[in-house]
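Each protein sequence line maps, in turn, to chains Z and R. Its first residue numbered 392, the first sequence is counted upward by one per residue in this note's numbering. Its first residue numbered 392, the second sequence is counted upward by one per residue in this note's numbering.
Some clues are possibly wrong.
What the hints assert, rightly or not - Which bits of chain Z does chain R cover? Going by a derived footprint, with three or more residues having C-beta under 8 Å, they are:
1. 422 to 430
2. 436 to 448
3. 459 to 468
4. 512 to 521
5. 527 to 536
6. 559 to 570
7. 586 to 600
Unchecked claim - With a straight-line cut-off of 30 Å between C-alpha atoms, the simulated BS3-like cross-links for lysine-lysine are:
8. 398/Z with 459/R
9. 446/R with 576/Z
10. 576/Z with 398/Z
11. 398/R with 459/R
12. 459/R with 446/R
13. 576/R with 446/R
14. 398/R with 576/R
15. 446/Z with 459/Z
16. 459/R with 402/Z
17. 459/Z with 398/Z
18. 446/Z with 402/Z
19. 576/Z with 576/R
20. 446/R with 402/Z
21. 398/R with 446/R
22. 398/R with 459/Z
23. 576/R with 446/Z
24. 446/Z with 576/Z
25. 402/Z with 576/Z
26. 402/R with 459/Z
27. 446/Z with 402/R
28. 402/R with 576/R
29. 459/Z with 459/R
30. 446/Z with 398/Z
31. 402/R with 446/R
No lab work stands behind these hints: they were computed from the structure. No residue lacks a Cβ here, since even glycine has one placed at the ideal position from N, Cα and C.
Number of protein chains: 2
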Amino acid sequence: MPTARTKVRRKPDRARYERQTVYDILDQAFVCHVAFIADSMPFVVPTNYVRVGDKLYLHGSPASRLMKALSSGAPFSLSVTLLDGIVFSPTAMGHSVNYRSVVIIGQAEVLHDPDAKMNAMRDFVEYVARGRWATVRPPTPQEIAATMILAVPLVEASAKIRTGFAVDSDAEYASGAWTGVLPFKWTPGEPIRDPRGNPSAAVPENILHYSRPQ
Amino acid sequence: MPTARTKVRRKPDRARYERQTVYDILDQAFVCHVAFIADSMPFVVPTNYVRVGDKLYLHGSPASRLMKALSSGAPFSLSVTLLDGIVFSPTAMGHSVNYRSVVIIGQAEVLHDPDAKMNAMRDFVEYVARGRWATVRPPTPQEIAATMILAVPLVEASAKIRTGFAVDSDAEYASGAWTGVLPFKWTPGEPIRDPRGNPSAAVPENILHYSRPQ
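With the hints as extra help, turn the sequences into a complete structure.
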């Protein structure tokens with residue numbers, strides 16, 4: 392999976408190229424940051440995505456700068472980062488973060504077929520919460536036509552993972568400061584009912600006890 | 392604060408340009424994504440930062456691709472995104488996310504003065520947990536020299552914020568599906584003690600009851 396462009400250069404011991412590792416990180420996160428060039432300037436835009444097999448789908452308005460740049464076939468880079476913890480070291484410079492990140496370099500393909508676009512829309516909604524698609528009004532042909540959907544083949548992708556404690560020498564630990572890891576998670580709270588919603592609709596199980604693999 | 396380059400084009404009703412709004416979002420997040428151009432390709436790299444006054448500091452190895460690109464004075468773009476919730480709509484297309492994001496476009500200045508670099512290092516450690524700096528071994532002159540620190544003036548910055556429920560027409564709400572918002576937070580867990588650490592050091596209050604403004 393690594394190419395000259397996706398080979399991890401900094402801290403190569405943290406690099407992971409196994410396809411399943413890349414997929415697992417993508418499937419646990421929700422937002423990616425896409426970098427692209429417009430008017431000779433580098434831009435970065437946060438956006439949603441869904442992974443289906445060996446492809447990542449992005450969607451948006453055809454009028455957006457992001458969709459315009461990516462649909463032109465110009466190369467781009469995309470990153471997903473899960474922050475897992477803060478690493479407390481006995482030294483100032485030894486502090487770090489535990490994380491799992493993926494970087495993808497690619498070129499996007501525009502989906503034109505309405506059935507393929509409808510399938511990708513379903514995948515987006517099902518990624519929000521499994522089972523949701525069957526409960527909501529599906530997109531109309533007009534909505535499908537007004538939405539640009541891009542497929543990014545996961546060909547050039549690499550992951551980087553840091554776990555564990557600080558890596559200072561044993562001598563540094565004599566300082567006496569508390570050291571360890573403070574883990575973090577992206578945690579759901581209590582669902583908040585939409586005042587315009589159906590007052591007799593119970594909160595579905597997949598929203599009440601929302602979970603993603605962690 | 393908005394310029395032609397940072398003016399929000401998509402969903403301009405979500406745009407915020409007040410300096411304090413931008414600062415608040417930066418001060419609650421922990422990781423930014425930086426986009427830059429290297430070998431004519433757009434790259435995106437996650438990295439830590441700290442805001443001090445009207446500047447953002449980044450740090451890294453002078454050998455990293457990110458630091459090389461930014462220290463050359465080349466323009467770059469940087470984004471911080473806080474995902475606050477998932478918005479459940481009665482329609483497939485109406486699903487959305489609540490978020491607060493900042494985009495900064497800038498040019499970085501390399502810090503050369505060792506005292507200025509030491510101050511920035513202290514700011515990084517204090518951003519990890521307030522009071523931490525006084526408890527750990529400060530950087531040596533060699534560590535200071537081996538670390539590149541960049542200052543990014545917060546001149547071109549804009550924020551984008553989505554809050555609230557779905558915005559579908561009242562007619563769509565007849566569908567009967569549960570609708571609402573599932574809020575999310577980046578939540579600390581139980582501190583995990585480093586087995587090499589001082590066994591008699593209690594977990595400091597600022598780590599045991601870690602909090603960032605939310």
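Tested hints:
Note: the region 422 to 430 of chain Z has 6 residues with beta-carbon separation from chain R under 8 Å; the three-residue rule is met and the coverage holds. Chain R is given as covering the region 436 to 448 of chain Z, and this holds because 3 residues of the stretch bring a CB closer than 8 Å to a CB of that chain, at least three being needed. Counting residues of the region 459 to 468 of chain Z whose CB lies closer than 8 Å to any CB of chain R gives 3, so the stated coverage by that chain holds, three being the minimum. Coverage of the region 512 to 521 of chain Z by chain R holds. Counting CB-CB distances below 8 Å, 6 residues qualify, and the rule asks for three or more.
For the region 527 to 536 of chain Z, the assignment as covered by chain R holds, since 5 residues bring a beta-carbon within under 8 Å of that chain's beta-carbons and 3 suffice. Coverage of the region 559 to 570 of chain Z by chain R holds. Counting CB-CB distances below 8 Å, 8 residues qualify, and the rule asks for three or more. Residues of the region 586 to 600 of chain Z with a Cβ under 8 Å from some Cβ of chain R number 9, which satisfies the need for three, so the listed coverage holds. Our distance criterion of 30 Å between C-alpha atoms is met by residue 398/Z and residue 459/R, whose separation comes to about 17 Å.
With a C-alpha separation of about 28 Å, the suggested pairing of residue 446/R with residue 576/Z holds against the 30 Å cut-off. Straight-line distance between C-alpha atoms of residue 576/Z and residue 398/Z comes to about 28 Å, which keeps the hinted pair within the 30 Å bound. For a cut-off of 30 Å, the pair hint linking residue 398/R to residue 459/R stands: about 28 Å separates their Cα positions. With a C-alpha separation of about 20 Å, the suggested pair residue 459/R and residue 446/R falls inside the 30 Å cut-off, and the hint holds.
Distance restraint check for residue 576/R and residue 446/R: the Cα-Cα separation of roughly 26 Å lies within the 30 Å cut-off, and the hinted pair is therefore satisfied. The suggested pairing of residue 398/R with residue 576/R holds, with an alpha-carbon distance near 28 Å, which does not exceed 30 Å. Taken as a hint, the residue 446/Z and residue 459/Z pair is honoured in the structure, with Cα atoms around 20 Å apart against an allowance of 30 Å. Note on residue 459/R and residue 402/Z: the hinted pairing holds, with a Cα-Cα distance of about 16 Å set against a maximum of 30 Å.
Restraint check for residue 459/Z and residue 398/Z: satisfied, since their Cα atoms lie roughly 28 Å apart, inside the 30 Å limit. In summary, the hint linking residue 446/Z to residue 402/Z is supported, as the alpha carbons are separated by about 27 Å, within the 30 Å threshold. Our distance criterion of 30 Å between C-alpha atoms is met by residue 576/Z and residue 576/R, whose separation comes to about 8 Å. Restraint check for residue 446/R and residue 402/Z: satisfied, since their Cα atoms lie roughly 27 Å apart, inside the 30 Å limit.
Proximity of residue 398/R to residue 446/R is assessed by CA-CA distance (about 20 Å); at most 30 Å being required, the pair is judged to hold. At most 30 Å may separate the alpha-carbon atoms for a hinted pair to count; residue 398/R and residue 459/Z meet this at roughly 17 Å. A C-alpha spacing of about 28 Å is found between residue 576/R and residue 446/Z, which places the hinted pair at or below 30 Å, so the restraint holds. Proposed proximity of residue 446/Z and residue 576/Z is supported: the alpha carbons are some 26 Å apart, at most 30 Å.
Using a Cα cut-off of 30 Å, the hinted pair residue 402/Z and residue 576/Z holds, with the two alpha carbons roughly 24 Å apart. Annotation: proposed proximity of residue 402/R to residue 459/Z holds, straight-line Cα distance about 16 Å (limit 30 Å). Between residue 446/Z and residue 402/R, the direct Cα distance comes to roughly 27 Å. Compliance with the 30 Å bound is thereby established for this hinted pair. Note on residue 402/R and residue 576/R: the hinted pairing holds, with a Cα-Cα distance of about 24 Å set against a maximum of 30 Å.
Proximity of residue 459/Z to residue 459/R is assessed by CA-CA distance (about 29 Å); at most 30 Å being required, the pair is judged to hold. Taking the CA atoms of residue 446/Z and residue 398/Z, the gap is about 20 Å. The hint holds against a cut of 30 Å. Restraint check: the Cα-Cα separation between residue 402/R and residue 446/R comes to about 27 Å, which is no more than 30 Å; the hinted pair holds.
Comparing the model with each numbered hint stated earlier shows that all of them hold.
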